[in-house]
Structures are given as C-alpha cells and as structure tokens.
Amino acid sequence: MNTKLYIQSYCKIKNNTIFFNGNPVFKDTKAENLKDFLKSTYKHLGLKYGKFFKMDNLSKLAFLASEIIFKETKIDTENENVAIVFSNNASSLETDRKHQMSINDKDNYFPSPAIFVYTLPNIGIGEISIRHQLKSENAFFVFNKYNAEFHYNYEKSLIQTKKADAVLSGWVNVDDDTNYETFMYLVSKNGKLEHNKKQLNKLY
Amino acid sequence: MKKTYITNHHIISALGFDSKSNFDNLLDNNSGIKKHQRADGKEFYSSIIDKEKVNIEFSKIGEKEKFTTLEKMMLLSVNQLLKDSKHKITEKTGLLISTTKGNIDTLAPTSPFYSDKKRAYLSELGNQIQTFFDFKNEAIVLSNACVSGVLAISVAKHLIQTELYDNVVIVSGDLVSEFIISGFESFQAISDKPCKPYSKNRTGITIGEAIASVLVTNNLTKNAKNVVEVIGNASCNDANHISGPSRTGEGLYLSVKSALKEANINAREIDYISAHGTATNYNDEMEAIAFNRLEMETIPLNSLKGFYGHTLGASGLLETIIGIETLHQNKLIANIGFDELGVSKPLNIIQKNTNKKLQIFLKTASGFGGSNTAVILKKISL
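Chains as they are written, first to last, in the numbering used here: chain E, 1 to 204; chain F, 205 to 586.
Chain F on its own, in the form it takes in the complex (with noise of 0.2 Å):
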C-alpha cells in the first residue's frame, strides 16, 4: 500500500501569519491568549487573529468585500501552501476542509452576509474555496467536532490509499464567535482565566481561532519540507455520552491501541505526545486515564491549549502541525499555564522547552458526540 506524507504546512493564528512565526513565539513562551471585550463590554479571554492584517494580505489575492472572515483566512492560507508546495491542482486533487462552525457567525443579523442565506451552509464554504482556486473536485467538509482537525489527516490517508486521490489539501478552522462563546458559556466550561491544562489550578477551556492547512500526498517531491509519514491512525467512539468524555477514557485508550496496531510499534516507541488537554476537569482525568492504561504515563506530553486556546476544528490540525516542527526542529514545548498536576494519574507534563532528539509522536484529540481520535506520525529526513 502506498505510503502517506504530510509534505507541506501553514498556520494563521494570533501568534503569526506562518507555522515559523508561531512555531518561535512557542519557543519564547508567548501566549496568543489576551483579554477581549464582547460587544455587550464583559471581559473574556480568547486567542483572536488579527482582522485588519487579514484584510490587508487578502487585497493581494482577492477582493475583501466577497468573501466572509474566515473564508478569506482559508483562501490566505491554501494560497501560501500550494505556494511553497508548489503544487499543481489535477484531478487526482482532493479538498478537505475541516470545521465544525463555518460561517456560522452570517447567521447573526449583524452579518453582512446575513441576507445571503446559502453561507452559513458548510457547502458553500466549500464551494467558496474550491471555486477560487480551481479545485477539479467537490471540497469534502468534515464537521465531527472537535476531533475534526485530526481526523482530516486520517481521511486524507484513506483517501490517498484507496486511490481516489494521490493529493489532499486540508484546510481547517473556525471563528471565535458570539455563536460559540454563549454555547460553551450556557455548559459554564469557559474559563475565566488564560486555560490551565493539566493544572491543579485549571478552571475551564479558553476559546480561540486559527487556520491550519497542510498538504498530504503519496508523493514527495523537492518541495517537501519537514516531511512526517502518517503511519498508524484510528478514530473510535465512546460510547457513553454525547457531551462527555468517558470515565476510563475507552475511546482515546482503544483508538491509540489501533493506530500503534496499524504503525507495528509499541507505546514506549512514541517520542512525545501532543494531546488534546482542554482543562475542563473531565477531559483532562479522561486523558491521564487513558495514557496511563496504555502504560505512556512517563512520555513528555503537553496541551498546546494554554498558547492558542481551543481552536474547534482547526485545534487537531493546528497542534499536528507544531508537532511535526517539534520533531523536526527536536525541542519539545513547555505546557504553558500548567503548575501543579491536577489529575489522578501520572502524566509527564512538558514543564519547559527541552532539547531532545524526537522521531515519532502521537497526535490525540477528544469531542462532543464520544469521538476521539489518534494519528501517528514518524519523522523523515530527506
């Protein structure tokens, strides 16, 4: 069976308008988490991208008034990878966007695509992004909630080995919105803090926005740079609850067992796990359960939730991005905001940036509706 690379990758977030922007600001401990103002003046604190800078990189590439927010971010950053990829679209071309929200925030009246009713659709963001840069193929939208960012790599991979593509271009994210803030503010899990993952002291999640795309093809060419393999990947649900995580964290312990299965390798082969961490109390038990019943209790681990927040869709493709500069660049991120361990089992929390060499890590992300899913991924020097 034909082989699967992530060749390519590009990040939009408050810590930068490329992955090595946002790869040094982890570097140097900086937090695109702020306090912001809502429009009815109450505080909250976010990882919020830029808006003005936004505008003013799309008016090189199109005409700002056409396209929603977070569809012109999704065109700045496929146009930068297929750039630096240099990447010619064919029918062998796949689109997959991954989010769970799109524009939903044009279903507030004062959008200014309010009356368009066809955008808040996930389609039509779909089309929107196929149709501007000529994409021979329907865009693919995967909305399965907070896995979504990760579990787009394991599409991409069974649609690259099924043959259908040889190519996947996955663009992801979502918008910090006043849809979003109120839905996680009536569960009363936002923090009313900068996120605490794995923290004694942790009182909620944070809510953040950014893009994250990669290319992931069969192909390496001399475009390729960082190159990761996706070698084992497994998605498995819970079973338990549609809004929390299961207590012996069953889904997150069966789908790493089936994507180790898939890599031929054991647990102490992994090098570094980028987890899911969102500092709610139940997700952040769940996982210390979970990586202690698959015995990888003493692997560095962090959440990169307390840097950029929970950015929804794009979190899981966002964070395997910054994985694969960790591997590659070898220096493994302090878990930023965490103090005191607050989880009933042993977890070896990155506490600060370390050099390391690093081949292989695990990339794990849990969700609404029992989902959770594991990608593993190996580095490849060229």
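Isolated chain E (complex conformation) (with noise of 0.2 Å):
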C-alpha cells in the first residue's frame, strides 16, 4: 500500500520570474504589476483561452503554473486521475477588497457577480478543472505560510486511499498587486524527486 511517491516536476513564479523544475523559463522584467507580468506571460506560452481573461489575478496566477506543469510534464490527464490541492496566505482577499469597494458607498453601490464569485479561494481549482477535465477530488487550504508537513500528508493519503493517481500541489498566494507567489508541482507515482517533507520545504 505504501507506493513510493514522486514529485515530477515543479513550478515556482515569484518576482516577475517563472522558474520549471528549478531553471528559469521566462522573466519580465518590464511588468509594472501581476496583472502585466500574468498577461506577458499568458503571451509567451501561446496560448488561446478566452476564460482567462475573465479571471481574477489568484485565478490567472493558478492556471498559468499548471498549464506551465501539464504542458511539460508527461501525464495522461484523460486516463489518469488528477487531484487538486493548493494553498495559500491570504485566501482571495485582493479581490474580496474589490468586491468590498463596490458596496462601502450606498450612493456608489455597484456589486458585481463577475467580481463576487472570484471571493473565493478555489474557483481557480475550479477553473484549471474545467480546462483539462479534471472530474477530481480537489481543496483550497489558508496557513500562515506553506505548510509541507500538511502538504505532505494530505497528497500521500489521497493517492494511497485511491482517490487519486497523481495530486497537482501547492502554494498559490496573492494578496496584492505586488505581493505574490507559486510553488505548486505535480505529485505521482513517476520522478526522481522523492515526495518528503524535507524535498518540499528544500524545493519550496
């Protein structure tokens, strides 16, 4: 029951930086704000979504790490069962400021549900699901700061309990337009980098 677990690869976005299994893949250093550098580098990986756009900044910061994991990682999503599980600080308050903003003034009332349904933390689960077919267990997590140890635990019972084949994981953390950051990687059965407290917190 104990199958050894791996962490195939992993992506790391912090400081206008895109990092994948470690080497820098791309950087801008001309991006004022998370929104710019979240569209530079919509561009540079070519893509074609039109839901992105439509994406709060925690949404877009999500679906651009696992689209920068799925597209170079050799996993079957269509036959394999992948897990979503990430976390972070601040939850989904750079938009639930927004949403307050728009309800503070009675004379100046203006509650959006384009904006209100991103005051959620895991509508970007919800969003990288619809764009690979993910029908899978997923969950949305708040710490003081990356917890490996629950991490940890929480991936190797899901795979070992046959809810999942594979766990895409990690810390998505947005609280302003300035202050960001990813680690999220892909747990499975497949890899080099054994799956351990001590391998996340180091990769981390």
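Simulated from the structure, these hints should not be mistaken for laboratory data. Even glycine gets a Cβ: it sits at the ideal position worked out from N, Cα and C. Heads up, a few of these hints could be off.
[Claimed, not checked] Not the full set, but computed from the structure, chain E residues with beta-carbon under 10 Å of chain F:
(1) K51
(2) K54
(3) L93
(4) R97
(5) K135
(6) E149
(7) K156
(8) K162
Put the two chains together into one complex, using the hints given.
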C-alpha cells in the first residue's frame, strides 16, 4: 500500500520570473504589477483561452502555473485521476477588497457577480478542472505560510487511499497586485525527486 | 486502516446554543428563518444568531471586546465540544476550521476591527482559535466554497488515516454579512420569501448563519455520544462551470459513486439522504438528476435549508450533525417549505416527521468552483 511517490515536476513564480524544475524559463523585467506580468506570461506561452481574461489574479496565477506543469510533464490527464490541492495565506482577499469597495458607499453601490464569484479561493481550482476536464478531488486551504507537513500528508493520503493517481498541489498566494508567489508541483508515482516533507521545504 | 468516528458535536444557531435544542426545534417544525432589517431599512429573510446572547455566554469564558463575532461563536462552540468530549489536546490533536469568508465583516469601515488589517486573513482566524485553547498544531483552514463543511470531514479522515493526527476538532462557521448578502443579490439568487427547497414555488436561496463543531477521532472513549463511523467519502469537481452546477449532476454523481465504493455498500443500503437543496432552480434540478442517475430517488431525502437557510461554510457540518441525530433518534425530519415537487425527476422528499429505523445516511453538498462532496456515515451503537 505504501507506493513510492515523487515530485514529478515543479514550477515557481515570483518577482516576475518563472522557474520550471529549478531553471528560469521566463522573466518580464518590464511588468509593473502582477496583472501585466500575468498577461505577458499568457502571451509567452502562446495560449488561446478566452476564459483567462475573466479570471481574477489569483486564478490566473494558478492557471498559468498549471499550464506550464501540464505542458512540460508526462501525465495523461484523460486516463489518470489528477486531484488538485492548493493553499495560501491571503485566500481571495485581493478580490474580496474589490467587492468590499463596491458596497462601501450606498450612493455608489455596484456589486458585480463577475467579481463576487472570485471571492472564493477555490475558483481557480474550478478553472483548471474545466480546462483539463479533471473531475477529481479538490480542496483549498489557508495557512500562515506554506505548510509542507500538511501538504505531504494530505497528498500522500489522497493517492494511497486511491482517491487520486496524482496530485497537482502547492502554494498559490496573491496578497495584492505586487505581493504574490506560487510554488506548484505534481505528485505522482513517476519521477526522480522523492516526495517527502524535507524535499518539499527544500524546493519551496 | 484505522476507523474514523465522529463522537461528539455542538451547534450554535438561531434555533439554539446546543445540538439538542436545535434538533428539538426541528422536531417541532420551528424554522430559524425570520424577517430582518438591513442597515438601509431593506427587509430580508435570514436565520440569524442572537448576538446579545453570544456576548453573555462568551463573557463566561473570555474578554468579549478582544474577539470578533465569528471568533466568539467558534470559541464558545469548541469550548463546549472539548468539555462534552473531555478531550485533552495533545500533539496528535488537529484543529480544522471550515469557513468560506471568516472575518470578512472586518473589511467594512464600520467594523470595530477595521483598523486591524490582519484580522480579515483566514490564517489569523485560525491563530485566534488555536491560541485560545493552546492547540499544539497550526490551525488548518479549509475554504472550499459551500462544500467546506462536508469536505472537512473527509480531510479530517485523511489526516487520521495517514497518522498525522489521532483526533481532529472541526469548527465551521460563517456570518450573515453585507459582503455576502450583496454578492448573492448581484447574482439575483436570493429569495424574497423563506427558501423552499425542491418546491415548484421556490424562488432562490435564503442566507443564514451557524456554527457547528465536531470531534473526529480513531478512538472511542466513554465520553463519546451518538457516534457515527465515516465509512465513505469523496469529492469530485464538475469540470463544467465556476458558478453553476453541471446539468447532468456529473460531479455529484461521481462523488456519491466513489463514496459508496469505499463504504462497500450499494445505493439501496442508504436509509436517508441529507441533501444540499439550496432552493435555486439549477441546484435542486441538478441534484434530482444526479440522485436519479444513482437510482436513489426512492430514498427519503431532505434539505435543511428551510430551517437554517444556507449557512455556507457551516452548512455541511451543521446538516451532518442533524443527520447524526436523525440516525440515533430514528426520526426523519420534514423538508420544511416543501409543497409540490418542482424538479423534473422524482425524489422522495420527507413531507412529515417520520419514525423509522435508520442505520446509514448520505450527506452531500455542491458549490461554486464546480465542487461536490459526499460523505457516508453509519450509526455505531455503543
């Protein structure tokens, strides 16, 4: 029952730079904020996906990191059940603040369903699920900082109890338009980097 | 693999400050939904907790000015849960908090905690609860839309099975706030009457608030009361739409299938379904389709939203606790607000309180982001 698990690949996005498996793959020194950087990343990846432009920054960040992982990793998402487990510190606060602004002034009251739907941190998981047709286990958690012990145990349990064959997991945090970070990885039965708490902390 | 049980539970809602008074009110067909007034004078229906009573009760255990409304209610509930279960917190006790928006009301300039910018962070809510009771591990906050309360049970089970913890205290809650009401209004999803799940005359959801907490454990002590075993659980995304359910009920169908498989039972062995039933057109219709695909349309089913409204991050756990009492008291609760079936497929909606021998029930929930969750619970007689 204790199948050996690996971190098959990982992607980090921080300070307008993207790393895949530890190597820098894209950098945009001109982007002044997260929104611009996400747009230039989208262009760089040559994506054509209209839904992207409706997403909030948190969903866009999660979506782009997942695009890089799925594109560069040998995984058959049609036949393998890939669960999604993300965590962060700020939940959906960047968008929450926007919704709050729209209701603070009774004389200038404009709550919008297009914003309100993104006041839940798990919406980005839904976006990735739609994109890759992943009808799988998913959950979104909030911690003070990336909690490798929790992630390791939960990822392992999902696979060992056969709820999933692999898990797209990690930390996707957007606090505001300049403070953001993601560390996303795919846990599966294939790869070279052993899946354990120490390894996750090291890669993070 | 170790078995996982829910051994103790506690509720704070408009229908009472413990599980017993809540269940007694349901038996008497009393709904917590009443007409309320907003700051601007506009009227709306909701199930709202008496905050004066919260302050009176909280004064007995802490300083009421130091904590937000949600924190005080969560602390009260966990305090009672720990007292009832006589659980001693150790390194092997986890704390899991289920909420969609936590202290989101502190973002409003009118909030007494407005200047405390970290208070709206869900991790800070976790820190407050952890510190108050001196839990040894960082709080795990689960925020996965409207399935959070049911999903929390699955998460606790995973953490016990993988031997990270032996016990997990789950506390769930959300407040009725301007933030939430304005958002659902912008979706035009709110009913102008108390909600009527599965009814032909349903016109949308009613938002409510509640706190529900449970002890999940691998160890049955003599303080366990009305115990259930978690025999199956699963959560599957629709992969269809971020704010609307799948037309075929695919994610819910897959979740229940997978939970049944793990429980190693067939659909006919389920005695009762505690469904989601938000009373929106799409949700109730989707559930009817999924339960028919599962051949579960003759199993007695209710939604408790007519009593409590949709209590968001608490709803799944609140309704699970009522389900546990339903099993142990062998009493099915009527789906309040129901009159004539308003979905395209048959469902066996419980229309009046009924005495029936019950063993196993299914709890389901569905929510934004395409999420669906199912948990199967079996009565354990000690």
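Outcome of the hint check:
With a cut of 10 Å, the hint placing E:K51 at the interface with chain F holds, because the nearest CB-to-CB distance is about 9 Å. Because the closest C-beta pair between E:K54 and chain F is about 9 Å apart, less than 10 Å, the hint holds. For E:L93, the shortest C-beta to C-beta distance to chain F is roughly 6 Å, which falls under 10 Å, so the interface hint holds. Among the interface hints, the one on E:R97 holds; its C-beta lies about 7 Å from the nearest C-beta in chain F, closer than the 10 Å criterion.
For E:K135, the interface hint holds, since its Cβ comes within 10 Å of a Cβ in chain F; the closest pair sits about 5 Å apart. Among the interface hints, the one on E:E149 holds; its C-beta lies about 7 Å from the nearest C-beta in chain F, closer than the 10 Å criterion. Because the beta carbon of E:K156 sits about 6 Å from the nearest beta carbon in chain F, less than 10 Å, this interface hint is met. Because the closest C-beta pair between E:K162 and chain F is about 8 Å apart, less than 10 Å, the hint holds.
Checked against the numbered hints above, the structure violates none of them.
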